[in-house]
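Participant: Letter by letter, the chains look like this.
Number of protein chains: 2
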Amino acid sequence: MKAKTKNISIVLYKPKYAGNIGSIARAAKNMGISNILVVGTADFDREAMQQRSTHLASDVLDSIQYFESIEEALGNFNYIVGTTARLGKARGPFIAPRAVAKDIADISQKNKVALLFGPEDTGLANEELRLCHAVVTIPTSREFTSLNLSHAVMILCYEIFTATSAATTIATATPKLALSYELEGMYGQIKTLLADIEFLNPENPEYWMMHLRRFFSRAGLLSREAGIIRGICRKLSRYAQHKNT
Amino acid sequence: MKAKTKNISIVLYKPKYAGNIGSIARAAKNMGISNILVVGTADFDREAMQQRSTHLASDVLDSIQYFESIEEALGNFNYIVGTTARLGKARGPFIAPRAVAKDIADISQKNKVALLFGPEDTGLANEELRLCHAVVTIPTSREFTSLNLSHAVMILCYEIFTATSAATTIATATPKLALSYELEGMYGQIKTLLADIEFLNPENPEYWMMHLRRFFSRAGLLSREAGIIRGICRKLSRYAQHKNT
Numbered sequence: 009m010k011a012k013t014k015n016i017s018i019v020l021y022k023p024k025y026a027g028n029i030g031s032i033a034r035a036a037k038n039m040g041i042s043n044i045l046v047v048g049t050a051d052f053d054r055e056a057m058q059q060r061s062t063h064l065a066s067d068v069l070d071s072i073q074y075f076e077s078i079e080e081a082l083g084n085f086n087y088i089v090g091t092t093a094r095l096g097k098a099r100g101p102f103i104a105p106r107a108v109a110k111d112i113a114d115i116s117q118k119n120k121v122a123l124l125f126g127p128e129d130t131g132l133a134n135e136e137l138r139l140c141h142a143v144v145t146i147p148t149s150r151e152f153t154s155l156n157l158s159h160a161v162m163i164l165c166y167e168i169f170t171a172t173s174a175a176t177t178i179a180t181a182t183p184k185l186a187l188s189y190e191l192e193g194m195y196g197q198i199k200t201l202l203a204d205i206e207f208l209n210p211e212n213p214e215y216w217m218m219h220l221r222r223f224f225s226r227a228g229l230l231s232r233e234a235g236i237i238r239g240i241c242r243k244l245s246r247y248a249q250h251k252n253t
Numbered sequence: 009m010k011a012k013t014k015n016i017s018i019v020l021y022k023p024k025y026a027g028n029i030g031s032i033a034r035a036a037k038n039m040g041i042s043n044i045l046v047v048g049t050a051d052f053d054r055e056a057m058q059q060r061s062t063h064l065a066s067d068v069l070d071s072i073q074y075f076e077s078i079e080e081a082l083g084n085f086n087y088i089v090g091t092t093a094r095l096g097k098a099r100g101p102f103i104a105p106r107a108v109a110k111d112i113a114d115i116s117q118k119n120k121v122a123l124l125f126g127p128e129d130t131g132l133a134n135e136e137l138r139l140c141h142a143v144v145t146i147p148t149s150r151e152f153t154s155l156n157l158s159h160a161v162m163i164l165c166y167e168i169f170t171a172t173s174a175a176t177t178i179a180t181a182t183p184k185l186a187l188s189y190e191l192e193g194m195y196g197q198i199k200t201l202l203a204d205i206e207f208l209n210p211e212n213p214e215y216w217m218m219h220l221r222r223f224f225s226r227a228g229l230l231s232r233e234a235g236i237i238r239g240i241c242r243k244l245s246r247y248a249q250h251k252n253t
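Residue numbers (our numbering), protein chains in the order written: chain H, 9 to 253; chain G, 9 to 253.
Same shape as in the complex, but just chain H (with noise of 0.2 Å):
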């Protein structure tokens, strides 16, 4: 993973709270990104960095990098991704980061990219914004629009790091399914099974049996658990079948 993001850094203007520093490094790391650039004061307090970043980001803070100007921290990228709040007075088109997130990434495999975040009061000003790229806007609630910092920037480094990584498409290694000849002797042992308990209906036995078929058949049942519920089936008819002995 490191190798897709490793053009890629956070630049930080302005940044406030060193506990927010702490907590980017982490999410950052999370994410596969190891580069920030801090514009402002170099001035804060190493213990409430890492109390957040936790010692296994330490390495990220071990490397910040201060500037004193934008200009200067920004010099050297190709790319600028500046990110503001959705605000009350429409500063429109919002750009979502995941409608951005793939072109980000294509590009930062041949350029340098910088994510910009502004000052937790204020966010980035037009000033900023101006040198930027593009602009994306985190889609929140209208009713609360505020995002911590560091929560900012885990979503933009979240969808640029999904969308290197195709993470989401990892998830379905689909298992083996039970084959239509199992799934039917299954069915036809707990139709058995139910008759004998007494528990279907003579005149109408398919009626359970068609709700069981449902839902069985929306779980995709797999190979081996047809197996178990015949197992357990063919104990149960034992038990069933004695009832008058």
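Hints are supplied without guarantee of correctness; some may be wrong.
Same chains, same label: a pair holds when it works inside one copy or across any pair of copies.
With a straight-line Cα cutoff of 20 Å, these simulated SDA-like cross-link-like pairs (lysine to any residue) come out [what the hints assert, rightly or not]:
no. : residue 1 : residue 2
1   : K243      : E151
2   : K22       : L191
3   : K24       : A50
4   : K243      : M218
5   : K12       : R232
6   : K14       : Q58
7   : K24       : Q59
8   : K120      : T153
9   : K243      : Y215
10  : K199      : R242
11  : K22       : F207
12  : K12       : F223
13  : K12       : N86
In short, the hints are calculated from the structure, not lab data.
Note that this is a predicted model, so its numbers are computed, not measured.
Let chain H serve as the given structure and place chain G on it in line with the hints.
Facilitator: What follows is chain G alone, placed relative to chain H:
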């Protein structure tokens, strides 16, 4: 937005740090979710929580419900989504939040949905994961998989929020799922029955139960279906208990 996510709650199982709970309250409210349940102690420093929630999300803190047991906290939910970290040892297949966000959003239109998170240090154990209908893993860099708890909450909430607010979302008719109380009652009956017929290994009775839980969860059992199965178990149990008569 609020209406779309009103049935979704965040359930924190034994969280350790007040600050994280505050950050979670803020993140949840950013994404239109305002119900938080905490299992374990209720003894958290209010000031530490509020410092991170900001006063704008202090209403979410005020309405936190505290529970002593996880069964009690989850009892009235219809659908429970667990979360696990990507660990060194394979516990996969991993399902990414994005792969299920739309489903969760749809299910929540007619059902109470819990997003369950474990303690900061250990995460959820198998015992708690047993209670879940789906388990998701947030994709991270392999080099540093340990997410801050509030960041994990944020990502899952963000994915669901994004899924609910997509213009394409049409409230598909999702039926009413069984409550956790009903499901656990059903599993209890099945377990007793299988123990009675000596199907379960007394040394490790959870082994087969785990398999059964897995496909029942996949199916998303409806309330009436759980009722049918419980009826069948009740009848079968009578036979099983007379095995030696």
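Participant: With identical chains, the pair K24 and A50 could be close in the same copy or across copies; at 20 Å between alpha carbons, which is it: within, between, both, or neither?
Facilitator: For K24 and A50, only the intra-copy Cα distance (10 Å) is at most 20 Å; the inter-copy one is 31 Å.
Participant: Regarding K243 and M218, is the shortest C-alpha distance of 20 Å or less found within a copy, between copies, in both, or in neither?
Facilitator: Result: close only across copies, 19 Å inter versus 23 Å intra.
Participant: Could you place K12 and R232 in one of the four classes (within, between, both, neither) given a Cα distance threshold of 20 Å?
Facilitator: The answer is neither: 25 Å in one copy and 38 Å across copies each exceed 20 Å.
Participant: Is it within, between, both, or neither for K22 and L191, if the alpha carbons may be no more than 20 Å apart?
Facilitator: Close neither inside one copy (23 Å) nor across copies (42 Å); limit 20 Å.
Participant: Could you figure out if K199 and R242 sit no more than 20 Å apart (CA to CA) within one copy, between two copies, both or neither?
Facilitator: Both: 12 Å inside a chain and 16 Å across chains, each within 20 Å.
Participant: With identical chains treated as interchangeable, where does the CA-CA distance between K22 and F207 reach 20 Å or less: within a copy, between copies, both, or neither?
Facilitator: neither (34 Å within a copy, 43 Å between copies)
Participant: Since the copies are identical, ignore which copy is meant and state whether K14 and Q58 lie within 20 Å (CA to CA) inside a copy, between copies, both or neither.
Facilitator: neither (22 Å within a copy, 36 Å between copies)
Participant: Treating 20 Å as the Cα threshold, decide for K24 and Q59: within, between, both or neither.
Facilitator: Classified as both; 16 Å inside a copy, 15 Å across copies.
Participant: At most 20 Å between alpha carbons: which applies to K120 and T153, within, between, both or neither?
Facilitator: neither (30 Å within a copy, 25 Å between copies)
Participant: One pair to classify: K12 and N86, alpha carbons no more than 20 Å apart. Within, between, both, or neither?
Facilitator: Answer is within: at 16 Å inside a copy they meet the 20 Å cutoff, but 40 Å across does not.
Participant: Using 20 Å as the alpha-carbon threshold, which applies to K12 and F223: within, between, both, or neither?
Facilitator: So K12 and F223 fail the 20 Å test inside a copy (28 Å) and across (27 Å) alike.
Participant: Is it within, between, both, or neither for K243 and E151, if the alpha carbons may be no more than 20 Å apart?
Facilitator: neither (53 Å within a copy, 49 Å between copies)
Going down the numbered hints, you'll see the structure goes against 1, 2, 5, 6, 8, 11 and 12, while the others check out.
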